[in-house]
Amino acid sequence: MTWIFRVQGWTLIGAIAFGIVWMVAQATIPAVIGAAIDAVVDDGFGTSLLLWTGVLLVIGGVQATAGIMRHRLAVQTWLDAAYRTVQLVSTHAGRLGSELNRRVAHGEVVSVGATDIANLGNAVDVMGRFVGSIVAYLVVAAILLEASPTLGLVVLIGVPLLMLATGPLLRHLNRRNQHARALQGELNTLASDIVAGLRVLRGIGGEAMFDRRYRAASQDVKRAGVQVARVQSYLDAFQVLLPGAFVVLVVWLGARFAASGQITPGDLIAFYGYATFLMLPLRTFTEAANKLIRGHVSARHITRILGIVPSVTDPVAPVSPPDGDLVDAPTGTVVRQGLLTALVSDDPRDVVALADRLGGYPAPGGDVDAVTYGGVPLGAVARDELRRRIVVNDTGSALFSGRLRDALDVRHATTDAEIERAVASASAGDVLETLTDGLDAELAERGRSLSGGQRQRVVLARALLTEADVLVLVEPTSAVDSHTEARIAGRLRTHRAGRTTIVTSSSPLVLDVADEVVFLSGGRVAARGKHHHLMTTDSRYRQVLTREEAEDVA
Amino acid sequence: MRDALPIAGTGLLRSYLRQVARDHRRALVGIVVLHGAAAAAGLVVPWLVGDLVAAATGGGENATIDRLAAVIAACLIAQTILTRYARLRSAVFGEVVLARLREDFVDEALTLPIGVVESAGTGDLLTRTSRDVDTLGWSVRFAVPETVVALVTAVCTIVAALLVGGWVAVPLVLGVPVLWLATRWYLKRARDGYIREHASYSQINATLAETVEGARTVEALGLGDQRRERIDADIAESYAAESYTRRLRTVFFPAVEIGYLIPVAGTLLFGGWLMAEGSITLAELTAAVLYVRFLIDPVDRLLNWMDTLQVGATSLARLLGVAEVPDDRVASGRTPAGEEIELDAVRFSYVEGREVLHGVDLELTAGERLAVVGPSGAGKSTIGRLIAGIQGPTRGAVTLGGVGVTELELDDLRRRVALLTQEHHVFVGTVRDNLQLALESPGGTDDDRLWAALDAVDAREWVGHLPHGLDTMVGSGGHRLTDAQAQHLALARVVLTDPHTLVLDEATSLIDPRAARALERSLSAVLEGRTVVAIAHRLYTAHDADRVAVVEDGEISELGSHDELVARGGSYAALWKSWQS
Numbered sequence: 001m002t003w004i005f006r007v008q009g010w011t012l013i014g015a016i017a018f019g020i021v022w023m024v025a026q027a028t029i030p031a032v033i034g035a036a037i038d039a040v041v042d043d044g045f046g047t048s049l050l051l052w053t054g055v056l057l058v059i060g061g062v063q064a065t066a067g068i069m070r071h072r073l074a075v076q077t078w079l080d081a082a083y084r085t086v087q088l089v090s091t092h093a094g095r096l097g098s099e100l101n102r103r104v105a106h107g108e109v110v111s112v113g114a115t116d117i118a119n120l121g122n123a124v125d126v127m128g129r130f131v132g133s134i135v136a137y138l139v140v141a142a143i144l145l146e147a148s149p150t151l152g153l154v155v156l157i158g159v160p161l162l163m164l165a166t167g168p169l170l171r172h173l174n175r176r177n178q179h180a181r182a183l184q185g186e187l188n189t190l191a192s193d194i195v196a197g198l199r200v201l202r203g204i205g206g207e208a209m210f211d212r213r214y215r216a217a218s219q220d221v222k223r224a225g226v227q228v229a230r231v232q233s234y235l236d237a238f239q240v241l242l243p244g245a246f247v248v249l250v251v252w253l254g255a256r257f258a259a260s261g262q263i264t265p266g267d268l269i270a271f272y273g274y275a276t277f278l279m280l281p282l283r284t285f286t287e288a289a290n291k292l293i294r295g296h297v298s299a300r301h302i303t304r305i306l307g308i309v310p311s312v313t314d315p316v317a318p319v320s321p322p323d324g325d326l327v328d329a330p331t332g333t334v335v336r337q338g339l340l341t342a343l344v345s346d347d348p349r350d351v352v353a354l355a356d357r358l359g360g361y362p363a364p365g366g367d368v369d370a371v372t373y374g375g376v377p378l379g380a381v382a383r384d385e386l387r388r389r390i391v392v393n394d395t396g397s398a399l400f401s402g403r404l405r406d407a408l409d410v411r412h413a414t415t416d417a418e419i420e421r422a423v424a425s426a427s428a429g430d431v432l433e434t435l436t437d438g439l440d441a442e443l444a445e446r447g448r449s450l451s452g453g454q455r456q457r458v459v460l461a462r463a464l465l466t467e468a469d470v471l472v473l474v475e476p477t478s479a480v481d482s483h484t485e486a487r488i489a490g491r492l493r494t495h496r497a498g499r500t501t502i503v504t505s506s507s508p509l510v511l512d513v514a515d516e517v518v519f520l521s522g523g524r525v526a527a528r529g530k531h532h533h534l535m536t537t538d539s540r541y542r543q544v545l546t547r548e549e550a551e552d553v554a
Numbered sequence: 001m002r003d004a005l006p007i008a009g010t011g012l013l014r015s016y017l018r019q020v021a022r023d024h025r026r027a028l029v030g031i032v033v034l035h036g037a038a039a040a041a042g043l044v045v046p047w048l049v050g051d052l053v054a055a056a057t058g059g060g061e062n063a064t065i066d067r068l069a070a071v072i073a074a075c076l077i078a079q080t081i082l083t084r085y086a087r088l089r090s091a092v093f094g095e096v097v098l099a100r101l102r103e104d105f106v107d108e109a110l111t112l113p114i115g116v117v118e119s120a121g122t123g124d125l126l127t128r129t130s131r132d133v134d135t136l137g138w139s140v141r142f143a144v145p146e147t148v149v150a151l152v153t154a155v156c157t158i159v160a161a162l163l164v165g166g167w168v169a170v171p172l173v174l175g176v177p178v179l180w181l182a183t184r185w186y187l188k189r190a191r192d193g194y195i196r197e198h199a200s201y202s203q204i205n206a207t208l209a210e211t212v213e214g215a216r217t218v219e220a221l222g223l224g225d226q227r228r229e230r231i232d233a234d235i236a237e238s239y240a241a242e243s244y245t246r247r248l249r250t251v252f253f254p255a256v257e258i259g260y261l262i263p264v265a266g267t268l269l270f271g272g273w274l275m276a277e278g279s280i281t282l283a284e285l286t287a288a289v290l291y292v293r294f295l296i297d298p299v300d301r302l303l304n305w306m307d308t309l310q311v312g313a314t315s316l317a318r319l320l321g322v323a324e325v326p327d328d329r330v331a332s333g334r335t336p337a338g339e340e341i342e343l344d345a346v347r348f349s350y351v352e353g354r355e356v357l358h359g360v361d362l363e364l365t366a367g368e369r370l371a372v373v374g375p376s377g378a379g380k381s382t383i384g385r386l387i388a389g390i391q392g393p394t395r396g397a398v399t400l401g402g403v404g405v406t407e408l409e410l411d412d413l414r415r416r417v418a419l420l421t422q423e424h425h426v427f428v429g430t431v432r433d434n435l436q437l438a439l440e441s442p443g444g445t446d447d448d449r450l451w452a453a454l455d456a457v458d459a460r461e462w463v464g465h466l467p468h469g470l471d472t473m474v475g476s477g478g479h480r481l482t483d484a485q486a487q488h489l490a491l492a493r494v495v496l497t498d499p500h501t502l503v504l505d506e507a508t509s510l511i512d513p514r515a516a517r518a519l520e521r522s523l524s525a526v527l528e529g530r531t532v533v534a535i536a537h538r539l540y541t542a543h544d545a546d547r548v549a550v551v552e553d554g555e556i557s558e559l560g561s562h563d564e565l566v567a568r569g570g571s572y573a574a575l576w577k578s579w580q581s
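In the order they appear, the protein sequences are chains Y and W. Under UniProt numbering, the letters of the first sequence match residues 1 to 554, in that order. Under UniProt numbering, the letters of the second sequence match residues 1 to 581, in that order.
Warning: the hint list may mix true and false statements.
[Stated by the list, open to error] Between beta-carbon pairs, the in silico distance windows are:
#, chain 1, residue 1, chain 2, residue 2, range
1, Y, Gly-54, W, Ser-279, 50 to 58 Å
2, W, Arg-18, Y, Thr-115, 36 to 44 Å
3, Y, Thr-115, W, Arg-25, 35 to 43 Å
4, Y, His-179, W, Ser-279, 55 to 63 Å
5, W, Asp-225, Y, Val-316, 23 to 31 Å
6, Y, Arg-223, W, Gly-353, 46 to 54 Å
7, Y, Asp-416, W, Glu-324, 41 to 49 Å
8, Y, His-179, W, Ala-70, 52 to 60 Å
9, Y, His-172, W, His-479, 53 to 61 Å
10, Y, Arg-230, W, Ile-77, 16 to 24 Å
11, W, Asp-344, Y, Ala-417, 40 to 48 Å
[Said to hold, decoys possible] In silico contact screen, one side only, chain W against chain Y (beta carbon under 7 Å); selected entries:
#, residue
12, Arg-84
13, Ile-158
14, Leu-162
15, Thr-217
16, Ile-235
17, Glu-237
[To be verified] Example chain W residues on the side facing chain Y (calculated, C-beta under 8 Å, incomplete):
#, residue
18, Arg-87
19, Arg-246
20, Leu-470
Hints listed in this document are in silico derivations from the structure and should not be mistaken for laboratory results. Every residue, glycine too, gets a C-beta built ideally from N, C-alpha and C.
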């Protein structure tokens, strides 16, 4: 929070300065009108009336100018705070990688963009008006005390008291509001749920029941809304009554003073004006208090996310490992350099964990050094180099919106011919054909414009294009049909010829092309060899594969 | 390529609002009368203050002053009570209208043709259900009542000012041109400006969400720079949108402030002159100046809520627009004679000019098991969807017992044909809700029937172990179910609705192979005695089916039993060979 105030420096100071001028100009207008009326009473229609009217217009002009300048600068600070935060969080998320997904819920980070930036922005935005209000309040206080100490005190003490009086009602309102908002949130969830599941719903029926459920929930929201309205209507009434009562008091006292000649009629009108004007700075105080508190909470939330540090850090003296075998100590797996190795296990979780370990993603609490590459423990390799040389393409690999070319060519050093070759290897040519602009087509958010099978093949092509020394592919063909799977398996082998490639799969079409299949049982290497060989010699291996196939009925 | 859902035009919007006004005429009249009375009570105050000032300067008696003050206090109390009821009435009215609006909307959304939803993207519909409903709620709850109050107050204030003296009209009219021009200029541009601004924030959020959800990929592939460029581009767009609306306000705000000041200054000068001439009293001058200043507040509020109202109207237009999508089916009332399904020269295209099925003929006998295989994108899923009546064919006919499948009422169709895909969705609610959702009278189903259905799909055990059994909350935010469990629920639903034909579109393909074994058992219980169309990418399914249809390039290229096709030596035989090797 302090950081945000500091980086904004002059913009913020400017916003505050204009805020002061703006508020003070507004504060003096009742005095000017009062003086103008006094001028009529004293001199009739003469130069002093013209003069005061002129002053009124000038102050009005100053108020309008300062108001808009304050607004412009405040918007600037709002945007600045919001944008900087988004940039920071986004960059940090990219740097943390899988660590982020494991340590905080997505929703929590995404809520930064949805609510926190607005809270921060509002907090800096209100600063100008906040300081302006304080100064205006003091100025009015000075004018009033000078004109009439008694009336001045009534106004100065009365107005804050009024604000306090509405406090309990406000809290009550807040509670009911929260309740109503929670119900509205549930209603929205229900509606979103219906929409998200609409396709499924159309397949199995049930629209009528959802309609009934939504109506029931909607009526609940309506009732909660009416509850809010009940309290709110009292508050609205109070907002008429309290300032009104105060104005009556001021005017009544003022009239008596004016009658006894202590103050002029103009003063009386000015007092009336001040009493109504002071509501504005006071409302600003409460608003500022609220916004600063919320901004503070959001700032804490953001700092918490930014405070997450990766558990695997760069080694002090990084070693660049030679291209060689990958050895995993916990399972005893050896992946030989330059070969296409397939991993199969009787427990699918074991291969996923192994694939992660080989890529330098130890399980929480696990040891990154459990794996050596060319004889060097992975922990001794700089993270950047590690990620460049060993690429893991898991089933959760994300596609991002943007041009298809950028989605594929992540290393930015590739010609169209190379991209096309990778696309062909991943058998994703049909994706290019269906998109009207080919490589320049825009992908929708998370690649949603593509089907599951298409996404998987695009992701595979992207992995191939990294041209990594070691490529780990987790279930790369789980969402494609047998025809395509067979094609991909063959092309994958050619594409990665001479480079280390690791595939986890239980499809015979894929296993068949592997140079070597490593079979894990009970978390240790139980057998290794060609697929055919293992099928005929190892009964456990055969069981694992045939069982899986036999189960696949649909 | 994407066709957005329609947005209602001004005509429809107006007629809808007129309808609402007609339906709630009495409530509306009551609200306006209450607000008017409250405003009137409030407006007596400046008048009395004028008298008070006059009394004070006239060296008036304290008793007169006290009496005037008491009358002011009485007006105030009246205004307070009237305001309370006026606000309450309008808020209740707002809630009633809102509820009606969103319910009508969901009603429409539920019957939207699925093809329309898909081509527009679920995102559009999602935005409408959440953001537009919220925005409209904001408008109806705050902007509409505030505008009504401001409008009524402004009208009453003008009337009161004119009652003080007709001359006040002169300075008031002076302010109108500035305000009129500034507001017109602003409103013409503001709406699009703010819509663009909002869209830019949605974009920032979407990009951030993408980065966060794909954080592992970003880090693994070194996409940090690419993502940063993207968010910077979003920010630049957002800044451009913000700058635009800020420019609009930079013109609009000062202009209206000057517009407010002109009448005040005019009243002072003109009134001062009149008073000096002896035409009006000090009390009249004071009251006039106070009224004219008083007018600033309601007018300002009125102008400030204008753009919120506009945005609300846009949201309303988007909600009402959904109703403009024509229905994709008309129930003919005919009843199928039998369970046979026939596809006759069926052609289909999702997008005009791009046909995905080029004349498919297929006859399914009751109780038959057909496997559909073929490469991705060949049209397998489309055939499944046409059989299940999700969509009607572009040309040709899909009939069930001689009646077109889209001629049946949706509910009726679902009791005959169901479609299960790899996409499964656990709806927010209890397990019971999820099971009953397709039943005609959900209240009437006893637990025994539900348990029997769960038993049939082998799900009794895990449901029994849930914290609250059938009443456990599941779906987003509730108890998390595995894919296999979600699929169990889907299958149990099928048992409950008991359709005679079932289309399975790779229904188990995303499930962990280990979980598939249990599911297989469940499935065979469900499939027993039904016509089954299984779209599959693993060939064992085909091996077990009565007949296999190979779909290639939008046509059925081979059709026959497994053995026949293997013997024929076509593309199926080739694939089977490589699978067997």
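Task: Hint check against the structure, violated hint numbers in rising order - done: Those not satisfied are hints 1, 8, 9, 13, 14, 17, 20.
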